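Asks: The primary structure of each chain is shown beneath.
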Amino acid sequence: MSEENWTTVIKPKNKLLEINIKELWDYRDLIALFIKRNIVTQYKQTVLGPLWFIVQPAMSVIMYMIVFGGIAGIPTDGVAQPLFYLAGTCLWQYFSDCLSRTSNTFVDNAGIFGKVYFPRLAVPVANVVSNLLRFGIQLGLFLVVYAVYALFGDPGAHFTWYALLFPVLVLMLAGLALGFGILFSSMTTKYRDLQVLFSFGVSLWMYATPIVYPLTIAKSKFWHGISVHKLMCFNPVTPIIETFKYGFLGCGEFIGWRWLVYSFVFMVVLLALGIVVFNKVQRSFMDTV
Amino acid sequence: MSTAIEFNNISKLYRLGLVSTGTFAHDLKRWWTINVRGKEDPYLKIGEANDRATKGESDYVWALKDINFKVEQGDVVGIIGKNGAGKSTLLKILSKVTAPTTGVIKAKGRIGSLLEVGTGFHGEMTGRENIYLNGAILGMSKPEITKKLDEIIDFSGCERYIDTPVKRYSSGMMVRLGFAVAAHLDPEILVVDEVLAVGDAEFQKKAIGKMQDVSRGEGRTVLFVSHNMNSIRALCYHGILLEKGSITAAGEVADVVETYLKDYRDTTHRVQTVITSSMRDHNRSLKVKFLSIEHEKGNDLYASDENIILDIIVEAEKAVEQCRINCTIRTPDGLSLCNNSSSSFFNISFGEKKRLRYTLKNPGLTIGNYNLSFSVGIGNMESGETNFDVVTNAVTLEIDKPRKDANNYYLKWDTHSWGYILMQNTLEELPL
Chain V
1 MSEENWTTVI KPKNKLLEIN IKELWDYRDL IALFIKRNIV TQYKQTVLGP
51 LWFIVQPAMS VIMYMIVFGG IAGIPTDGVA QPLFYLAGTC LWQYFSDCLS
101 RTSNTFVDNA GIFGKVYFPR LAVPVANVVS NLLRFGIQLG LFLVVYAVYA
151 LFGDPGAHFT WYALLFPVLV LMLAGLALGF GILFSSMTTK YRDLQVLFSF
201 GVSLWMYATP IVYPLTIAKS KFWHGISVHK LMCFNPVTPI IETFKYGFLG
251 CGEFIGWRWL VYSFVFMVVL LALGIVVFNK VQRSFMDTV
Chain S
1 MSTAIEFNNI SKLYRLGLVS TGTFAHDLKR WWTINVRGKE DPYLKIGEAN
51 DRATKGESDY VWALKDINFK VEQGDVVGII GKNGAGKSTL LKILSKVTAP
101 TTGVIKAKGR IGSLLEVGTG FHGEMTGREN IYLNGAILGM SKPEITKKLD
151 EIIDFSGCER YIDTPVKRYS SGMMVRLGFA VAAHLDPEIL VVDEVLAVGD
201 AEFQKKAIGK MQDVSRGEGR TVLFVSHNMN SIRALCYHGI LLEKGSITAA
251 GEVADVVETY LKDYRDTTHR VQTVITSSMR DHNRSLKVKF LSIEHEKGND
301 LYASDENIIL DIIVEAEKAV EQCRINCTIR TPDGLSLCNN SSSSFFNISF
351 GEKKRLRYTL KNPGLTIGNY NLSFSVGIGN MESGETNFDV VTNAVTLEID
401 KPRKDANNYY LKWDTHSWGY ILMQNTLEEL PL
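Just so you know, the protein sequences line up as chains V and S, in that order.
Each residue of the first sequence is one higher than the one before, counting from 1 in the numbering used here.
Each residue of the second sequence is one higher than the one before, counting from 1 in the numbering used here.
Please keep in mind that the hints were generated in silico from the structure rather than gathered at the bench.
What you are looking at is a predicted structure, and each value in this text was computed from that prediction instead of being measured.
Quick reminder that beta carbons are idealized off the backbone N, C-alpha and C, glycines included.
Incorrect hints may appear among the rest.
Partner residues are not named here, just some residues of chain S that face chain V (Cβ under 7 Å, in silico) [claimed, not checked]: (1) Ile-137; (2) Lys-142; (3) Gly-377.
With a cut-off of at most 25 Å between alpha-carbon atoms, the simulated SDA-like pairs for lysine to any residue come out as follows [said to hold, decoys possible]: (4) Lys-262/S to Thr-273/S; (5) Lys-29/S to Pro-119/V; (6) Lys-11/V to Gly-109/S; (7) Lys-147/S to Pro-119/V; (8) Lys-106/S to Tyr-191/V; (9) Lys-167/S to Phe-155/S; (10) Lys-206/S to Thr-273/S.
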């Protein structure tokens, strides 16, 4: 019998770069159903339902206004406080939601993964996509607040052409979250130590990203002789957030294509690395999870 | 016929014990040896045969060791073996849930695996939504499911509840729905793990029928794991016997099952049931109580015409004369079939322990599982009875063949119309 007749070959180890994107595509119906499941089941048996999508950022914004705007007196680049905080919190919420959902992929789905095979990547991909709904609704809230300010007051903000980069920014944010998430979930199947780090790491990360303050205030600050502004730009999320704010609010100044490209390359490399590691781990994680 | 699946030297090593810093040290050493020094995995060598009962030297065991076999297209192969023999590991490797440590499996066609029914069901979603989700998880495309949707709903018998969230389903309905989806999966190779053990009798019949259609009618290859020798015999053509991770017998299903059962019969471990207070019916004075009941022959498999010999140890807290033992045999559903009081009596003095051999002669039970309950007491029908100790379902035994010397089996004994007792008889010709 000739070798070509075999359609399935199960071996101990795959080649490092043997990544079956085609297989993932074959299971697109499954991804679609996972997305539907995530969305449909999220707020079942709650009274407010999807309204919670709006309550969450609204509460956060009020809190930020009191703590950072009021008590700490951190400026918002002349933009109305609710708008400034809402812009940051919408993006960050999407990023951290995706990250925390995908970082538990293996542990949360051990039950299904232990019983049937399908490309494991379908689960994190579906999570990142289904979170877009919530992001969309929150972005809607942002635009409504923006419109209200524009009609009845002074938003202190204006659109710039950089707003057209929006789809790319979302893609980058999703890619980063997916990359970090699957890398994390692959590393935590056997040793759960990193999960402990993760839970407080994400909240610390938010303060390293210009969410509740503008990047401009770091402009002329130095820490042990290093420019804080530059240091913060190395955080791959910073250029995304800053570009979004510059595009939609026109506040501060454009961070520069150099940093945006850096962030994009960072995302691509991270995602590739994440997929390679994830692919390696998925083959035997059932024995160690 | 051509080969559908080929297993070449499949082995699987598992590490026992907890994951901790010790494991991390092993991982470092393994990584160092393989990647830096370019040698073989040091832990592959120290793996031991997987014997559940004995304490091993090493933390590593071979759940499977050098499995080699081929399955022809259209064949139905039953995989049998005791708990922990490696059956499920084999199926897991075949369904790509986990990777083998060494070896290669080659297969022709899509492999559909059914290690569990209703995998991925979400309680908040309706039956219909879950059919789509479960079908997609098992590898069906959306149009494929839509095409079969009516058939699936019909097969499950849950039409009325199909738009209700499955969290409101009974566990039986959940299983039916799950099996209905799985049964309509159309892979060239189907891998099934004991899913038939669930559901009620009617549904089991339906499920077995569907499996038979799949293999006989449609010429698909099926690998089937079960502990139920009757369904293995009824469904499979060939059998593979696994023991401690290796194949010890392979061939015609009847031969392999016989090898397995013979091995089981010959094992010398004694099935001793120690009577604990939770098994007792408490509203009695324990003047005489059961301590333990054990099968004299050493296991719980019997032929219909075989005497069931039980060794019973009793202890007295008061001196009692003219004691008798009584035994009731019931089906697993609790239907009482027959009862028997010992035909002779024993006397026992204060604090004394006695070992009694109680023989149930030629009980004539048909193939199946039975529960035995016992009581010890005094009296008879005329004078009234007093039981000192009653233990319910203390012993479970299985009748697996009609005659001690028989090698042929009933494929299916229809208890609904034939009952539970296989009567012994003679037929002779007499002069007119």
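Asks: Next step is simple, just say for each hint if it's right about the structure.
Replies: Cross-check of the supplied hints:
no. : hint                   : verdict
1   : Ile-137                : 6 Å, holds
2   : Lys-142                : 4 Å, holds
3   : Gly-377                : 50 Å, violated
4   : Lys-262/S to Thr-273/S : 23 Å, holds
5   : Lys-29/S to Pro-119/V  : 31 Å, violated
6   : Lys-11/V to Gly-109/S  : 16 Å, holds
7   : Lys-147/S to Pro-119/V : 24 Å, holds
8   : Lys-106/S to Tyr-191/V : 33 Å, violated
9   : Lys-167/S to Phe-155/S : 20 Å, holds
10  : Lys-206/S to Thr-273/S : 36 Å, violated
When each numbered hint is compared with the structure, violations occur for hints 3, 5, 8 and 10.
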